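Construct the entire structure; sequences and hints are all you get.
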Amino acid sequence: MTLVHNIASYIRRHDLLRADGLYLLGLSGGPDSVALLCALLALGYRTEAMHCNFHLRGEESERDEQFCVALCEHLHVPLHRIHFDTESYAALHHVSIEMAARELRYRYFEQLRRDIDADGIVIAHHQDDQVETVLLNLVRGTGIRGLQGIRPRNGHILRPMLGCTRQQILDYLDEIGQKYVVDSTNLEDDTKRNVLRHEVIPILRQLNPAFDNKVAELAERVGEVTSVMEADMQADIDRAVVPAATPSGTDLYGEGRVTTYSRDALLGAKMAQPTFWHLFGAKGFKPAQVDEMMRETQSGRIWKSASTVVLSHQGKLLVVPRAEWESAWPTRRLPMEGTYVYEENTQESPVSSIKIRISREPYHSKDQISRDPYLATLDADSVAFPLTIRPVGEGDRFVPFGMKGQRLVSDFLTDRHLSLYRKRRQLVVCDAHGHIVWVVGLRTAAPVAIGDKTKDMLRLQIVCC
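Mapping the sequence shown onto numbering that gives the first Met the number 0, position 119 (from 1) lands on 118, and the numbers just tick up by one.
I should point out that these hints are in silico values taken from the structure, not numbers from a laboratory. Do not take every clue at face value.
[As the list claims (entries may be wrong)] Derived CB-CB ranges, DEER-like:
(1) N153 with D182: 19 to 29 Å
(2) E295 with D414: 22 to 32 Å
(3) N153 with P329: 32 to 42 Å
(4) G394 with R256: 24 to 34 Å
[Claimed, not checked] 30 Å max Cα-Cα, derived BS3-like pairs, lysine-lysine:
(5) K365 with K454
(6) K422 with K303
(7) K315 with K285
(8) K365 with K354
(9) K282 with K303
(10) K282 with K315
(11) K269 with K282
(12) K191 with K303
(13) K422 with K285
(14) K282 with K422
Predicted model, so just to flag it, every value in this text is computed and none were measured. Don't be surprised by glycine CBs; every beta carbon is placed ideally from N, CA and C.
Okay, here's the thing in structure tokens:
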């Protein structure tokens with residue numbers, strides 16, 4: 000069986016799978032994934048299957064799922080299934096249906112891998128996919144990375160069938176008498192990939208019957224060279240990281256979830272432009288955006304991709320997950336003394352959760368005033384309940400302790416040289432009259448400060464959960 004032999008050889012050459020490992024295989028019901036499942040079982044690998052129903056093709060989607068159920072029952076392979084409302088996800092996240100399906104699929108695969116402690120996720124890409132991907136990258140415009148096509152290994156994603164052709168897959172299935180399903184959309188020439196598959200590549204094969212092998216060999220050689228280059232670039236990237244500083248070990252504003260790079264250090268890399276592209280291209284940024292990041296020296300610039308936001312700030316580039324950038328703290332009423340849970344929410348789930356503890360205690364001396372920036376000590380009789388905690392708003396003003404007169408909170412934050420990311424996440428606590436009594440973590444307001452006539456103090460403490 001040529002296919003099984005080729006897969007075994009490819010696994011050994013790239014050290015992809017362990018004999019004692021547990022692997023999850025993405026099973027669509029099509030010939031590629033069915034052949035790979037049968038081959039891995041023939042080679043003795045412990046394999047469980049995963050099937051995603053995206054509900055995009057009506058009865059065909061249901062047919063595919065039932066085929067996978069029957070196949071796995073016949074082969075005695077555990078099958079994990081999940082259903083997605085792909086169209087709603089695409090609309091919510093402003094991505095194409097294809098991108099939505101990809102994001103949902105790989106997110107589910109990784110979560111399941113963690114849940115069952117699998118060693119890897121096996122995907123049924125083959126040599127024809129590799130050839131199409133390299134050519135598609137050339138058509139779209141690419142650099143060295145695009146010439147390597149599909150990698151045999153990408154983190155926990157493993158592709159042991161890249162050394163096999165589509166014809167070998169079909170021959171193998173015919174040889175063992177194994178049925179499969181066909182996605183009708185794969186037969187339509189309505190995408191660039193299908194135009195390459197059905198029109199361009201056949202002509203190139205006429206010019207050189209070994210065309211597929213030559214492209215696959217090129218991709219593998221480029222991949223080997225790229226691996227060495229990427230190791231050097233990653234070392235330069237790691238050296239450019241600026242350590243995060245969070246006072247008192249508290250990360251209320253999520254600064255620990257932000258990676259900060261010295262722009263000068265990145266520009267000083269041995270291969271500056273490829274290093275920038277290696278770092279930011281992988282996060283979905285376009286070449287023009289990456290070029291701007293290299294040139295831009297002004298603080299406050301923002302670049303966005305589907306997954307990431309990058310900010311320029313005082314010679315540094317701050318890399319923020321887009322979900323983190325778009326998350327927001329709600330307005331929370333604090334009617335009396337006690338402990339409150341306060342959650343920050345995105346469109347999907349809470350990102351952060353904190354506790355707010357409010358207590359009233361007798362005041363005796365300044366020794367009771369803490370230096371912890373997340374513990375405010377106020378004159379209890381000067382604070383009117385109910386309190387409110389909320390994000391800072393445009394036009395917010397307060398009288399900072401130790402200063403005279405009102406100031407815009409935005410100006411106060413700017414004077415402290417805070418990044419735009421940090422500013423937009425700033426929290427304030429207001430009293431019953433809407434007056435700001437605490438810019439959380441930075442400064443209390445002068446009108447509620449502890450003074451000579453203070454009898455009781457009000458302690459407001461933020462504790463990260």
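Unmet hints by their number, sorted upward, for this structure: No numbers; nothing is violated.
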